[in-house]
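The letter at position 5 of the sequence shown is residue 5 when you use our numbering, and the numbering goes up by one with no holes.
One thing to keep in mind: the hints can contain errors.
Stated by the list, open to error - The following label-pair restraints were derived from C-beta to C-beta distances:
{"#": "1", "residue 1": "66", "residue 2": "39", "range": "48 to 56 angstroms"}
{"#": "2", "residue 1": "255", "residue 2": "99", "range": "53 to 61 angstroms"}
{"#": "3", "residue 1": "105", "residue 2": "132", "range": "39 to 47 angstroms"}
{"#": "4", "residue 1": "104", "residue 2": "255", "range": "37 to 45 angstroms"}
{"#": "5", "residue 1": "199", "residue 2": "78", "range": "41 to 49 angstroms"}
{"#": "6", "residue 1": "263", "residue 2": "43", "range": "14 to 22 angstroms"}
{"#": "7", "residue 1": "180", "residue 2": "259", "range": "33 to 41 angstroms"}
{"#": "8", "residue 1": "237", "residue 2": "263", "range": "51 to 59 angstroms"}
{"#": "9", "residue 1": "185", "residue 2": "244", "range": "28 to 36 angstroms"}
{"#": "10", "residue 1": "39", "residue 2": "261", "range": "39 to 47 angstroms"}
{"#": "11", "residue 1": "237", "residue 2": "214", "range": "41 to 49 angstroms"}
{"#": "12", "residue 1": "259", "residue 2": "50", "range": "33 to 41 angstroms"}
It should be emphasised that the hints constitute simulated quantities derived from the structure, not laboratory data.
Glycine is no exception: its CB is placed at the ideal position from the N, C-alpha and C atoms.
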Amino acid sequence: MALDAPAGVTVVENAEATRDQSSYVDWPAIIAGILLASAISIVLISFGSAVGLNFLDFNAREGASPIFIGIAAATWFLWVQVSSFMAGGYLTGRLRRRYFDATEAESDLRDGAHGLLVWAGAAVLGAVIALGGIGAAGSALGSAASTVTEAASNAVEGSVDSHAYFVDTLFRSDQPVEANVARDEAGRIFAQAALGDGTLTDDDRTYLANIVAANTGLTPEEATTRVDQVVASIEAARQQALEAARIARNTGIIAAFLLAASLLVSAIGAYWAAQKGGNHRDEGTLFAEVFRRF
């Protein structure tokens, strides 16, 4: 645009030069993309959780296969994550203001970079929300655990709670017999064995059989058999606990790898969608058949 100036000087004002180019990063468009991606993710994850819980029947003896449930949940989570990030990236690319000093290739690169910023912002926001929920749940569980621990300590102070049931089975009898001292000592014997591999020494096994026979009226052979049964039960419970810990560990490893892979795929999707949104912005694509004005 040409402007008349004093002394016959003509001043040419370039509209591109007056454009604010203090930063190539369009933060309002990025924030809009982050909000859209987070909202879509929350809605779809809530819907998926409702559908998943609908298939659980706590009264049924046999439910769906855990492997099938895990595959379905992982697939749904991957689809939700990729689609939400792509939607947020597309919106950001469509809303981003293009600076006219950039070539088409440079503009595509900047659109994609804005999509990556949407991905990064939404991922950090989701992690903060998840950690906040985990922290709140952990505090509630910690309070409940403290209450239970205090009550158990007051009720059976000095006893070994993890073996209390198995110790009780040693002294079951049709006739009431005072066996408090023997029970406490048996509990300490099992606690000592648990510090190692859970195996009782021959002396401890013989001693337990003797005090069981003395307090229950069983024959020495029957008392020895009962001791062996309790030792086998304790070992079975120990192996179940180890197996549960192994499964939890493997599940955590697989979940971590799946999360990392899904985030990587989501980053690629957000980059591509932001570039596509920028192309539609430059081409003036309206999607008139989808968003028809009434």
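Inset, instruction - Against the structure, test the hints numbered earlier, and report the numbers of the ones violated in rising order. - result: Numbers 1, 2, 7, 8, 10, 11 and 12 - these are the hints that the structure violates, sorted from lowest upward.
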